[in-house]
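Using the hints provided, position chain B relative to the given structure of chain A.
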Amino acid sequence: MKNFDFIAGSLAIDAPSSPFILLASQIIKEVFYETNGYFAYKFISISKDNPKNIPTFLIVSQEYGILIVDIIQEKVLSTIERDEEFYWKIGDEFEYSRETVVFNYEEDVKNRLRTKPLLFNKKKKIFNVEINTLLVFCENNEYQELLDPDLDNIAVNFSELKDYLEAFHAQRSLNTPLSDEVFAQICSQIEGTYIFEKEKNINSLLNEQSLVTVNDFIEESLNVTFKQDRVQRQISMQLPNGIQRIRGLAGTGKTIVLCLKAALTHSTYKDFKILYLFNTQSLYKSIQNLITKYYGAETGLLPDFENKIDIYHAWGGAAKAGLYSELCKSLGLKPLSFNQLRGSGDPLKSLYKDLLAKASNRITPVYDLVLIDEAQDFAPEIFEVVYKLTKGEGDKKRIIWAYDEFQSLKDTVIREPEDLFGRNAEGEPNILNASLNGNYEGDIPKDFTLPNCYRTPRPVLMTAHGVAMGLYAPQKTHMFYEKTAWNAIGYNVIQPTTHSIPEKIEVILERPDSNSRNTLEKLLTDNGKPITDLIKVKEVNSTLEQFDYISSECHRLINEEKVAPEQIIIINLSKGDNKHEMIRLRNVLAARGMNSVIPGYVESPDIFQPKDHITITTPFRAKGNESNIVFLINSQLVADDHTPRTRNSFFVSLTRSRGWCYVVGEGEGIKKLKHEISGILRNFPTFNFISPLKSEVTGKLDYLSRSDSEIDEINRIVNIINNNPEILNLIDENVIAKLNLKSEK
Amino acid sequence: MESINLKVIENSIREIQDTLKADIIGNNICRVGDSVTWNDYQTGIIKNTYYPIEYQSIIDRKQYSLLLSDLSALQFYYNFNRDGKLISARLALYPNPDLTLPVENVNELQNLQYRDLMYDHMFSIMDIMSDLEARDCLFPTNTSHIRFDYDGDAKSHSTSHFQISGINDFRIDTNFILLPKTFLLLCENLMDIDLSLLINLNEEHHFSDFTDKNRNKWHFRYLRSH
Numbered sequence: 015m016k017n018f019d020f021i022a023g024s025l026a027i028d029a030p031s032s033p034f035i036l037l038a039s040q041i042i043k044e045v046f047y048e049t050n051g052y053f054a055y056k057f058i059s060i061s062k063d064n065p066k067n068i069p070t071f072l073i074v075s076q077e078y079g080i081l082i083v084d085i086i087q088e089k090v091l092s093t094i095e096r097d098e099e100f101y102w103k104i105g106d107e108f109e110y111s112r113e114t115v116v117f118n119y120e121e122d123v124k125n126r127l128r129t130k131p132l133l134f135n136k137k138k139k140i141f142n143v144e145i146n147t148l149l150v151f152c153e154n155n156e157y158q159e160l161l162d163p164d165l166d167n168i169a170v171n172f173s174e175l176k177d178y179l180e181a182f183h184a185q186r187s188l189n190t191p192l193s194d195e196v197f198a199q200i201c202s203q204i205e206g207t208y209i210f211e212k213e214k215n216i217n218s219l220l221n222e223q224s225l226v227t228v229n230d231f232i233e234e235s236l237n238v239t240f241k242q243d244r245v246q247r248q249i250s251m252q253l254p255n256g257i258q259r260i261r262g263l264a265g266t267g268k269t270i271v272l273c274l275k276a277a278l279t280h281s282t283y284k285d286f287k288i289l290y291l292f293n294t295q296s297l298y299k300s301i302q303n304l305i306t307k308y309y310g311a312e313t314g315l316l317p318d319f320e321n322k323i324d325i326y327h328a329w330g331g332a333a334k335a336g337l338y339s340e341l342c343k344s345l346g347l348k349p350l351s352f353n354q355l356r357g358s359g360d361p362l363k364s365l366y367k368d369l370l371a372k373a374s375n376r377i378t379p380v381y382d383l384v385l386i387d388e389a390q391d392f393a394p395e396i397f398e399v400v401y402k403l404t405k406g407e408g409d410k411k412r413i414i415w416a417y418d419e420f421q422s423l424k425d426t427v428i429r430e431p432e433d434l435f436g437r438n439a440e441g442e443p444n445i446l447n448a449s450l451n452g453n454y455e456g457d458i459p460k461d462f463t464l465p466n467c468y469r470t471p472r473p474v475l476m477t478a479h480g481v482a483m484g485l486y487a488p489q490k491t492h493m494f495y496e497k498t499a500w501n502a503i504g505y506n507v508i509q510p511t512t513h514s515i516p517e518k519i520e521v522i523l524e525r526p527d528s529n530s531r532n533t534l535e536k537l538l539t540d541n542g543k544p545i546t547d548l549i550k551v552k553e554v555n556s557t558l559e560q561f562d563y564i565s566s567e568c569h570r571l572i573n574e575e576k577v578a579p580e581q582i583i584i585i586n587l588s589k590g591d592n593k594h595e596m597i598r599l600r601n602v603l604a605a606r607g608m609n610s611v612i613p614g615y616v617e618s619p620d621i622f623q624p625k626d627h628i629t630i631t632t633p634f635r636a637k638g639n640e641s642n643i644v645f646l647i648n649s650q651l652v653a654d655d656h657t658p659r660t661r662n663s664f665f666v667s668l669t670r671s672r673g674w675c676y677v678v679g680e681g682e683g684i685k686k687l688k689h690e691i692s693g694i695l696r697n698f699p700t701f702n703f704i705s706p707l708k709s710e711v712t713g714k715l716d717y718l719s720r721s722d723s724e725i726d727e728i729n730r731i732v733n734i735i736n737n738n739p740e741i742l743n744l745i746d747e748n749v750i751a752k753l754n755l756k757s758e759k
Numbered sequence: 003m004e005s006i007n008l009k010v011i012e013n014s015i016r017e018i019q020d021t022l023k024a025d026i027i028g029n030n031i032c033r034v035g036d037s038v039t040w041n042d043y044q045t046g047i048i049k050n051t052y053y054p055i056e057y058q059s060i061i062d063r064k065q066y067s068l069l070l071s072d073l074s075a076l077q078f079y080y081n082f083n084r085d086g087k088l089i090s091a092r093l094a095l096y097p098n099p100d101l102t103l104p105v106e107n108v109n110e111l112q113n114l115q116y117r118d119l120m121y122d123h124m125f126s127i128m129d130i131m132s133d134l135e136a137r138d139c140l141f142p143t144n145t146s147h148i149r150f151d152y153d154g155d156a157k158s159h160s161t162s163h164f165q166i167s168g169i170n171d172f173r174i175d176t177n178f179i180l181l182p183k184t185f186l187l188l189c190e191n192l193m194d195i196d197l198s199l200l201i202n203l204n205e206e207h208h209f210s211d212f213t214d215k216n217r218n219k220w221h222f223r224y225l226r227s228h
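Here the protein sequences come in this chain order: A and B. Numbered per the numbering used here, the first sequence finishes at 759, counting up by one with no gaps. Numbered per the numbering used here, the second sequence finishes at 228, counting up by one with no gaps.
So here's chain A without its partners, still in its complex pose (with noise of 0.2 Å):
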């Protein structure tokens, strides 16, 4: 399939200075509409200068290579030389000629690619991928006479474009295209995400042996190109100049995405503070390192985490700067402590009410850009302080919210704009539902999907939503009934044919391999060895049997499957005091000779997989990482229990694991589990059910998005009506309805 996208960069906020920008962009889309690859408008990535010395667009497709085109604007008045460089007078002012900038431009695009064996012949020292460039004059006929005689330089005026570019399109439209690993090369090697690629390990990739143990096999699934997919790239690539949503499943790289943009705007727009707010405190350093990798690789700089650059847990404490201990030091507040919020359900809401309440009228603006990453488990009150603290009006506000609503640990499900931002004197919601609908420049909808997981394999990630929804169990967790919501999480429904599912019929429902980005699957299966592998179900009887089979299993896996201790993530699914038992399991592990942290209980909470540690952990800390092995413990708490909390910190713990996954647990919960895990490999790659009535299902999307206190309410008023069924006559019937009057007991 050929699909020649668009990579908006900073176009939504030059676009009304930008006429011919905007013309040119159009011409480029209908010319080279049925060719693969993209073009990018001010692509900064590839250049350590500013934006203002970055040509107009940068074209990379398989058929032709590469083609930067530079649109001149202005009228050019006269030219310059000095030392042998050109000067253009645009205006009043002198400015290097468009020349010298694409010049520049094109030569760091060579030095990136001759860094791979596969674009560039050293020997000959010639690149296996054309590379042409392109000005065009807007506002000049006599073009000619100001370009400099040495360069050989490619111009044509505005009214020309579509005409050169067609006669470009035709010369080149028999040969052959350039192969998908060279593209995918390029592509990695342009955008500057070869940094993400995970250390490749050249003895694996000279050595030709077969692959024997667990670790040959991560090493393979490792040795790819991180190369974005488009989805992923027009996301990453583009500032909106307003708010906008990106829903994303576990490991399809929410978090990538957004350090992207962060590093990205940082380099575009210097003056530009931003703000990056998360939830899980062991993400703290990979948000850093990331936005620092990228932005170091991009600009030869360290980002400025100083002044610029704000990396802030929701929370914060005096060892760690976060959003609300930030805000307490600059509004004057004394914060409340954890002793004050005892009792509290949510003590974030909590605290975010209370700075509210005390000091609504006094935050103001200091934000050009916020990125907020896992936003399911953020209460509007935070979103409302955001809001409060990002410059710009209304919906013209950036910020951007990443989420998964199968990794809310809460029970409940992230909610719309208007529920969200608060609402202003008049009442009326700053932001309304409706700010999301549509596209910003180059058709980047507001409101986003990333389909592809690239983490997880595609039968654990299949079992994790099989367990999460209760597909296979008896009383079902969470259920769609419009197709769109199983296609954005990447299912494709075979039955029904309708656009929506009704009731107690057979549903039908597969995962395209597509969408799974993850090799392991194909590598095990090349090797003939049975995906299901990947998840074991162990049945025993007693806790301490549960720790000695773990602590066997990792002996085993580290010292002959050759994995990396920290490559191990032992996540306990038991709630309340589960200290001691993660002490208890680490005391196990250790009289093996195989050390280990618990990350928030024993060590601070941000030392998460440190070198040649096993990492123990509850499902809250575990969100945002990622390890090749995940084992759970106490799983048998999951078999009887059908509550969205519990069944989605199962979904966040299974998807953790880019390899292998072991599900351990105790007594008849483990073997009802077991059973419920039987059914969903069995159909692999899809799944089989009978859609389950509305009224079946524990976490109802509309009751869920209704805070404790809410649904205590209702619950009062339920049992209220309930004892007294006369009541029930004064009631519209429609409200009845709603309330599922009749299901409750």
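There may be inaccurate statements among the hints.
[Said to hold, decoys possible] Okay, derived cross-link-like pairs now, BS3-like style, lysine-lysine, Cα gap no bigger than 30 Å in a straight line:
hint: 1; chain 1: B; residue 1: 23; chain 2: A; residue 2: 593
hint: 2; chain 1: B; residue 1: 49; chain 2: A; residue 2: 625
hint: 3; chain 1: A; residue 1: 589; chain 2: B; residue 2: 23
hint: 4; chain 1: A; residue 1: 367; chain 2: A; residue 2: 307
Calculated from the structure, these hints are not laboratory results.
Relative to the frame of chain A, chain B by itself:
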């Protein structure tokens, strides 16, 4: 002091490891050349720092020989020269700061755990100092590590002594060097670990002339065995 050698130290450590097997949750003990030390040994003591911060830094940087299930961290360091003579030694116990509010009661705050409480404590301690009315804060019950140092070349102070980090320049001089096991027994009251199995009265001559068990644990007199 002539009697201390690498083998004696290693035996003492082995005995601790074997006896406390059920309580060890982290073990970094290693031997580098003629030193008994811990993996990734970093020199220097964190000075002039609030104890919970000092403690957490020891834990996070894994600067301990053993970590026990009550979260006490122990350091055992002995450096011998090629002739088998002890050059320097350092034994330390970093007790769990143990906030006054028991962790169990805080689980109603779902997802907030022990170390978060610690952060909160560190955060609000600044307020406490300026605002003594505030009582909504957690306090650590332990505020210091305890250590035993030996430095054969020391000039400014005695070559071997106990020191308590919480009190500057307070040293208890000794005329002996402790074995790991003896140090551990000395610190027994500071830990929530059962050390009774470590006490072997037949073997421990220096305990044998005491009859009262409590006094046995806390004495600073070293009796040479005859």
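Structure-based check of each hint:
1. Of the supplied pair hints, the one linking residue 23 of chain B and residue 593 of chain A holds, its CA atoms being roughly 19 Å apart against a limit of 30 Å.
2. Distance restraint check for residue 49 of chain B and residue 625 of chain A: the Cα-Cα separation of roughly 27 Å lies within the 30 Å cut-off, and the hinted pair is therefore satisfied.
3. For the hint linking residue 589 of chain A to residue 23 of chain B, the alpha-carbon distance of about 27 Å falls within 30 Å, and the restraint holds.
4. In summary, the hint linking residue 367 of chain A to residue 307 of chain A is not supported, as the alpha carbons are separated by about 36 Å, beyond the 30 Å threshold.
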